[in-house]
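Chemist: Just so you know, the sequences run in chain order A and B. First residue of the first sequence? That's 0 in numbering that gives the first Met the number 0, and the numbers climb one at a time after it. First residue of the second sequence? That's 0 in numbering that gives the first Met the number 0, and the numbers climb one at a time after it.
It should be emphasised that the hints constitute simulated quantities derived from the structure, not laboratory data. Just so you know, these numbers come straight off a predicted model, no measurement behind them. Every residue gets a Cβ at the ideal spot worked out from N, C-alpha and C, and that includes glycine. Check each hint, because a few of them may be wrong.
As the list claims (entries may be wrong) - So the derived list for chain B, only partly shown, Cβ under 7 Å to chain A, looks like this:
#1 GLY38
#2 LEU56
#3 ARG109
#4 ASP110
#5 SER122
#6 PHE140
#7 PHE142
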Amino acid sequence: MMRKLTALIALIASPLAAQDFSEGSEARSWNLYAEVPARFEARVVDVLCELSGDCPENCGDGTRQLGLIRTADDVMVLPMKNSQPAFTGAVAELAPFCGQVIEVDGLMVEDADLNARNIYLVQRIKAGGADWIKANTWTKKWAEAHPEAAGKGPWFRRDPRIKEIIASEGYLGLGLEADAAYAEENF
Amino acid sequence: MRYALPLLLSSLALPALSAERTRIQVTGEIIDTWCYYSGVMGGPDAVVGSAHHTCALWCSAGGIPVGLLAEDGTVYMVLKIAQDAGSASGDTQLSLAAHTVTADGMVYERDGLNYIVVSEVVSDMDIVTPTHEDYGTVPPFSFPEPK
Chain A
0 MMRKLTALIA
10 LIASPLAAQD
20 FSEGSEARSW
30 NLYAEVPARF
40 EARVVDVLCE
50 LSGDCPENCG
60 DGTRQLGLIR
70 TADDVMVLPM
80 KNSQPAFTGA
90 VAELAPFCGQ
100 VIEVDGLMVE
110 DADLNARNIY
120 LVQRIKAGGA
130 DWIKANTWTK
140 KWAEAHPEAA
150 GKGPWFRRDP
160 RIKEIIASEG
170 YLGLGLEADA
180 AYAEENF
Chain B
0 MRYALPLLLS
10 SLALPALSAE
20 RTRIQVTGEI
30 IDTWCYYSGV
40 MGGPDAVVGS
50 AHHTCALWCS
60 AGGIPVGLLA
70 EDGTVYMVLK
80 IAQDAGSASG
90 DTQLSLAAHT
100 VTADGMVYER
110 DGLNYIVVSE
120 VVSDMDIVTP
130 THEDYGTVPP
140 FSFPEPK
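Isolated chain B, as found in the complex (with noise of 0.2 Å):
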């Protein structure tokens, strides 16, 4: 017992100081992680596939983080995509916006988050989801009317 209030401190203390990892290849979209969290846009349906085309490349270009919006419903923060790390405006992140890819990676977790370490895009399947047939674009003028 002499020991055991040391050791329960540094057990309570250890989830916040380290982070778990996992390897795992996953399916999903490249997703504006704003838009889609904060429901600034309207519902989650309303801000993938095509529908969020256009504002998925201003939030990924403005630096705002992309996710992987696995088809379970995780979403998994980008890190780093094979050897660009640039997770804030990145180009790489950026040519994939509404893609729906499948990636190899390492999965962290740490507070409720899950981030993702891509190491491979195995395969990109280009935007699938034509979402713009049920909610036209989101938001509405990020399709301008042609001249």
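Chain A with its partners taken away, still in its complex shape (with noise of 0.2 Å):
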């Protein structure tokens, strides 16, 4: 009896820690050293509620952590990147769908040197029967939600607070002065 158990163990254990998600993937590679496309569904839940029980309405529309937990296996995976080059989250993408199963396709990042583990940058998503929808909408809602900062350039060299901040403490957060030096010496 013991051994057809520990063979039941094995055969359900394996499928799962086995898993490949790259089957179907259309993701584009970003070149990264540990990326591998992987799609699949997962339900978006609020990082924060899922741990510890503080669950606001509408998983904090949009002002928190959002997490992937995929119907496969029930891993929590954390979208980091939206599709757009240009240091932007997926948590605007991902906000209207929270608490809905939808499938995700991008790349996950699997590396074991620096313990990163079920990291994600989400460059698609399909919700219901509708069509694959882009996961690029990020800097179209930063545009929107800050009319006064509009004019040229990257939405990170116009963005308010971070103006305010690299004002007071400079690009390299060590003060004007120092900036000056590194400015002098580099240009």
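Hints in hand, dock the two standalone chains.
Modeler: Set out below in structure tokens:
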């Protein structure tokens, strides 16, 4: 009986451990050292709510990090990035789907040297019977929320909060004198 | 044995359904986790401290999760700092970009990642690692040429 039980445990555990989520993925490479294409179904959750029970309405309306609890194995994946190469996260893309089961396609980062596990860059989202949509709306939403910062150049050069901190702490964060010395040496 | 199998199956499911929770006090740098884990800007030593301060501001304001990189190399994903649960582009975490802090809080582990709910920043040591001396600024364009 014990032998049968051991075999059953192995049977149950092995598919989860070795599961490959790359099948059907159309994720574009970012040429990252540890990237792996991954397409899977998952439920969108508020990470803080999931872990601690602190649960505001609607996953915090885009103010909190969101997780993806994968249907296949109940693993909570942390989507860190959207598909824009612009220093932009994934929350704005996933917040409209709080509590819903959706399908995502993108890149998983699995780097044992840095203990990176279940970290994700989401490139596209499919919800319900709708077509796939690109996870690239962050900058548009930022522009709509910051009409006072309209202008040329990327958002991160125009963001009021970033500009205020750099104006007082400098680009190096060590004060304006340190910035001046660095500029003198490097430009 | 009659009850062994259901018990075993339920115990196999438990780790995925719950998160362990531990109170800690930890010292480390508030980092940009995407650049740290992805290697998109270079190795982990280059994406901390003064070299990466401006990029850390960009990523934090952009809603990328910030982490607390402890002295032992453990990264804790920051979910809340005191009363500010704005872990996606929140003001408090933005004000601490690249700072080394000592934080008191509750740690949760789930599926290989550590998360921290900071109840108090016990001390804020500002930026203590002058990595720009070795790496310049990362990425280089984060420090624009003066006009």
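Chemist: A separate judgement is required for each hint: does it hold in the structure or not?
Modeler: Against the structure, the hints:
1. Checking B:GLY38 against chain A by beta carbon gives a least distance of about 5 Å; that is within 7 Å, so the hint holds.
2. Hint on B:LEU56 holds. Least Cβ distance to chain A is approximately 5 Å, under the 7 Å limit.
3. A hinted interface residue such as B:ARG109 counts as satisfied when its beta carbon comes closer than 7 Å to some beta carbon of chain A; here the least separation is about 5 Å, so the hint holds.
4. Below 7 Å, beta-carbon pairs count as interface contacts, and B:ASP110 has one with chain A at about 5 Å; its hint therefore holds.
5. With 7 Å as the threshold, the beta carbon of B:SER122 stays out of range of chain A, its nearest partner Cβ sitting at about 17 Å, so the hint is violated.
6. Taken as an interface hint, B:PHE140 does not check out: its beta carbon lies about 10 Å from the nearest beta carbon of chain A, beyond 7 Å.
7. Annotation: B:PHE142 was flagged as interfacial toward chain A, and the flag holds, the nearest CB pair being 4 Å apart, inside 7 Å.
Of the hints listed earlier, those the structure fails to meet are numbers 5, 6, in rising order.
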